[in-house]
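Enquirer: These are the residues of each chain, in order.
Protein chains: 2
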Amino acid sequence: MKVKSDFAYMRIAKVIEQQILSGTLRTGDKLPSLRTICREYGVSQNTALSAYYHLESKMLIETRPQSGYYVRYSKTTILSLPQITNPDASANYAHSELMVRKVYDNLGEDGHLPLALGTPANELLPIAKLNKGLMVATRELKGSGVAYDKTEGNERLRRQIARWSFAMECNFSHDEIITTSGCLNALSYCMMALTKRGDTVAMESPISFGMLQLAQVLGIKVLELPSDPQSGVDLNALEDALKDGKINVCLFISNFSNPLGSCMPDENKKQAVRLLAEYNVPLIENDLNGDVYFGQQRPKSCKTYDECGLVLWCGSVSKTLAPGYRVGWVVPGKFKDEVRRMKSYHNISSTAITQEVIAGFLETGRYENHLRKLRHTLHGNLLKFSRAIADYFPEGTMASRPQGGFIMWVELPRAIDTMELYEKSIRHKIGFAPGRIFTLQNRYENCLRLNYGLLWNEKLERDLKLLGELAKKELKRF
Amino acid sequence: MKVKSDFAYMRIAKVIEQQILSGTLRTGDKLPSLRTICREYGVSQNTALSAYYHLESKMLIETRPQSGYYVRYSKTTILSLPQITNPDASANYAHSELMVRKVYDNLGEDGHLPLALGTPANELLPIAKLNKGLMVATRELKGSGVAYDKTEGNERLRRQIARWSFAMECNFSHDEIITTSGCLNALSYCMMALTKRGDTVAMESPISFGMLQLAQVLGIKVLELPSDPQSGVDLNALEDALKDGKINVCLFISNFSNPLGSCMPDENKKQAVRLLAEYNVPLIENDLNGDVYFGQQRPKSCKTYDECGLVLWCGSVSKTLAPGYRVGWVVPGKFKDEVRRMKSYHNISSTAITQEVIAGFLETGRYENHLRKLRHTLHGNLLKFSRAIADYFPEGTMASRPQGGFIMWVELPRAIDTMELYEKSIRHKIGFAPGRIFTLQNRYENCLRLNYGLLWNEKLERDLKLLGELAKKELKRF
Chain A
1 MKVKSDFAYM RIAKVIEQQI LSGTLRTGDK LPSLRTICRE YGVSQNTALS AYYHLESKML
61 IETRPQSGYY VRYSKTTILS LPQITNPDAS ANYAHSELMV RKVYDNLGED GHLPLALGTP
121 ANELLPIAKL NKGLMVATRE LKGSGVAYDK TEGNERLRRQ IARWSFAMEC NFSHDEIITT
181 SGCLNALSYC MMALTKRGDT VAMESPISFG MLQLAQVLGI KVLELPSDPQ SGVDLNALED
241 ALKDGKINVC LFISNFSNPL GSCMPDENKK QAVRLLAEYN VPLIENDLNG DVYFGQQRPK
301 SCKTYDECGL VLWCGSVSKT LAPGYRVGWV VPGKFKDEVR RMKSYHNISS TAITQEVIAG
361 FLETGRYENH LRKLRHTLHG NLLKFSRAIA DYFPEGTMAS RPQGGFIMWV ELPRAIDTME
421 LYEKSIRHKI GFAPGRIFTL QNRYENCLRL NYGLLWNEKL ERDLKLLGEL AKKELKRF
Chain B
1 MKVKSDFAYM RIAKVIEQQI LSGTLRTGDK LPSLRTICRE YGVSQNTALS AYYHLESKML
61 IETRPQSGYY VRYSKTTILS LPQITNPDAS ANYAHSELMV RKVYDNLGED GHLPLALGTP
121 ANELLPIAKL NKGLMVATRE LKGSGVAYDK TEGNERLRRQ IARWSFAMEC NFSHDEIITT
181 SGCLNALSYC MMALTKRGDT VAMESPISFG MLQLAQVLGI KVLELPSDPQ SGVDLNALED
241 ALKDGKINVC LFISNFSNPL GSCMPDENKK QAVRLLAEYN VPLIENDLNG DVYFGQQRPK
301 SCKTYDECGL VLWCGSVSKT LAPGYRVGWV VPGKFKDEVR RMKSYHNISS TAITQEVIAG
361 FLETGRYENH LRKLRHTLHG NLLKFSRAIA DYFPEGTMAS RPQGGFIMWV ELPRAIDTME
421 LYEKSIRHKI GFAPGRIFTL QNRYENCLRL NYGLLWNEKL ERDLKLLGEL AKKELKRF
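The listed protein sequences correspond, in order, to chains A and B. UniProt numbering puts the first residue of the first sequence at 1, with every later residue one more than the last. UniProt numbering puts the first residue of the second sequence at 1, with every later residue one more than the last.
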């Protein structure tokens with residue numbers, strides 16, 4: 001049998017890959033045209049094309065229409081990964097609220113670089129198409145969405161969510177779904193349905209401050225579990241805590257977590273679900289980024305492996321289509337009645353018209369088309385951000401390598417306090433999310449979360465450079 | 001000084017009023033033309049017109065364009081008022097949830113008469129104008145409402161709410177307002193901000209089941225206070241409970257309550273606020289019907305008299321414009337930070353685009369125009385409903401006389417159980433809200449709530465007649 005790399009196209013691909021990995025070719029460099037490849041290597045056009053296809057599938061290069069092939073990836077972007085996190089076992093409710101408000105109250109201001117933003121920038125969202133969808137919805141939805149929607153939510157939307165769930169090999173019907181006013185609202189109903197004051201919820205660490213605040217306001221203790229920047233929550237730590245009977249409920253971001261960017265491997269998901277079933281502990285699964293994968297297919301969810309109805313799978317279109325529409329959902333498994341009651345008693349129903357617009361968007365090929373573009377842009381941005389961080393940030397800086405989403409986690413040298421760095425960078429109208437707000441403990445002071453879901457341009461690169469310089473200055477103070 | 005009734009126009013008006021009150025003239029009867037009045041009484045056209053103006057201002061007659069004057073009111077519609085309610089002092093959490101679901105799960109079905117509906121019917125709402133507003137909003141709102149709104153809510157909308165509050169002699173600025181996803185959602189944030197499990201909230205009785213369910217799901221005890229169908233909550237009972245230190249927070253529907261239809265007189269509002277200030281107990285004021293008054297001006301709110309910031313004034317456009325838009329608000333007084341935190345932690349923000357549409361609607365004269373029509377229709381319907389109940393329902397039936405809103409409370413003879421009546425009427429596709437769901441105690445079994453905010457037509461009259469006949473049949477069983 002002929003070894004694969006002996007094929008002509010593989011030989012060519014290997015050469016180019018080496019040049020990319022060695023840094024000879026850098027992100028954005030134009031590659032030789034197909035004709036040049038044919039001439040230089042003495043191969044057919046088909047073979048040249050196969051070589052480039054192969055490199056594209058490895059996300060090393062990209063095609064630009066009417067322009068040719070370009071390098072997407074380069075050696076220098078491969079930053080070291082942050083260490084697995086290892087928070088203290090006991091959560092201590094330090095006061096991070098003021099920091100959050102400080103960062104997010106500045107966010108709306110004109111001219112500010114919104115690296116702290118929790119969603120992709122407007123420029124990456126299909127606003128014109130959504131507006132058209134609104135017009136259609138006023139015609140197609142009975143009463144133009146002026147009347148109360150059902151508590152369970154728009155049926156057309158729920159049928160689409162069920163249809164899309166096939167991509168992660170889940171198989172639930174529309175009547176197992178309850179729509180909500182965005183994903184946080186879904187988490188809120190689940191938490192209120194499953195917990196009482198004094199209970200403990202286990203989460204990854206670091207974790208989205210929204211989830212910490214929700215637990216805090218409900219009087220729920222948070223157990224922050226050590227987590228790996230690649231594979232997410234540490235299952236051994238989870239098992240130990242379960243054995244000790246410490247956990248009432250879990251709340252994990254299974255795919256492209258916020259802020260680490262980690263994605264639980266399928267095997268881990270399966271194992272986590274099995275563990276939780278063993279201890280009869282429900283899992284609220286926050287899967288709001290799953291559709292924004294950079295690999296070949298959508299990662300599965302924990303819900304995929306749920307046989308006991310213990311997983312409450314939550315999602316939304318806030319990170320892919322329209323945060324301001326407030327359209328999310330939950331598939332609460334065996335807790336459906338409890339969650340439905342929460343929605344009914346706290347809200348009656350969700351906004352009717354925006355649900356209908358999203359239903360229409362999901363029904364056609366528009367969502368798939370949009371996602372394809374969005375993934376492509378976000379992955380490109382991630383590589384550009386990684387390169388900029390490698391080029392401009394202090395030596396020793398580490399960054400996560402998310403395989404999806406729009407959020408990355410950066411660990412600066414220990415001496416730098418990112419809250420102080422924030423105070424300085426905001427004077428230059430550069431905002432970001434300091435690491436300290438992603439925990440209730442005194443940790444992650446030298447970390448920060450960046451949103452790479454912005455429109456890449458020269459100003460953005462200049463601002464990242466400036467941020468890196470400010471960080472270097474902080475370092476010199478010691 | 002000449003006595004007013006000596007004026008010629010007053011003499012004529014008195015004669016016609018007598019004919020109406022004696023039942024000689026009945027609802028819907030055509031009145032003599034102005035020319036006939038001039039001839040019969042030997043008066044000028046102006047005098048005849050003044051007489052009809054006077055009767056119109058007393059809501060006894062109405063003009064129909066190109067048709068003439070008609071009787072709006074008749075003796076037989078003056079039903080006895082239900083007694084002041086007097087619930088037991090201790091709330092007992094009976095299980096009314098199944099009843100509520102039974103009634104409201106049927107509500108959406110085609111061909112059903114939705115007398116149980118909690119909002120005016122779609123036909124009374126300005127759907128076409130709101131749709132136009134949506135188109136405008138996609139153009140005027142930055143990012144077409146795709147991005148997250150501020151936690152506090154749409155500023156343009158908050159400025160309009162502040163402007164409209166002048167009508168009830170309140171004087172707060174837009175930055176004291178937080179928008180919410182409808183009024184129940186505002187109540188939910190307030191309750192979560194002010195109470196903890198085991199606390200007690202005082203409400204009128206009977207009271208909207210939504211408010212009971214909210215308290216129940218939060219683990220808050222409900223103290224149901226005796227209430228008068230005209231003037232609302234009994235202030236003596238309130239004072240006694242306050243003295244006993246039984247109340248942590250109050251939750252009143254001050255204007256055109258649900259389901260009684262009562263309206264606290266201004267003097268009662270003032271006194272209630274003074275009492276609560278004395279005992280330092282906050283009042284969550286649900287004022288979602290205040291704009292739908294049938295009298296000369298909008299009733300004031302408790303907030304009007306609030307000097308300590310203890311009143312959290314809640315409202316929405318769910319009963320006047322668009323329940324499905326989920327646009328409401330709260331002016332939380334001194335609890336602003338706490339309420340803002342609840343919204344931020346449970347929901348992030350409200351749907352952006354529907355807030356903008358409502359802001360546009362309130363900014364122009366459209367809202368005032370719409371309200372004028374809505375009030376006129378609702379008041380007319382109330383009179384027609386009252387007449388139909390007097391004509392068709394069992395002898396001894398009593399009904400409330402709301403001075404605004406779209407909800408009336410009907411008390412049937414004691415022997416009738418309205419849950420059983422419901423089972424029978426729903427087979428004829430006639431739904432209504434049985435009295436039992438408006439309390440946590442075993443009370444109001446012979447009562448029901450009707451929504452008169454429907455399109456009046458012959459079918460509706462036939463259905464009310466049928467409902468009356470079914471009630472009479474129930475009575476005969478004993």
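These aren't lab readings, by the way, just hints derived from the structure by calculation. Fair warning: there could be bad hints in the mix.
Unchecked claim - Here are the computed lysine-lysine pairs in the DSBU-like style, where the Cα-Cα straight-line distance is at most 35 angstroms:
no.	chain 1	residue 1	chain 2	residue 2
1	A	K58	A	K129
2	B	K102	A	K429
3	A	K150	B	K58
4	B	K429	A	K150
Enquirer: Next, verify each hint and record whether it holds.
Expert: Tested hints:
no., hint, verdict
1, A/K58 <-> A/K129, "31 angstroms, holds"
2, B/K102 <-> A/K429, "56 angstroms, violated"
3, A/K150 <-> B/K58, "40 angstroms, violated"
4, B/K429 <-> A/K150, "19 angstroms, holds"
In this structure, the hints that do not hold are numbers 2 and 3, in rising order.
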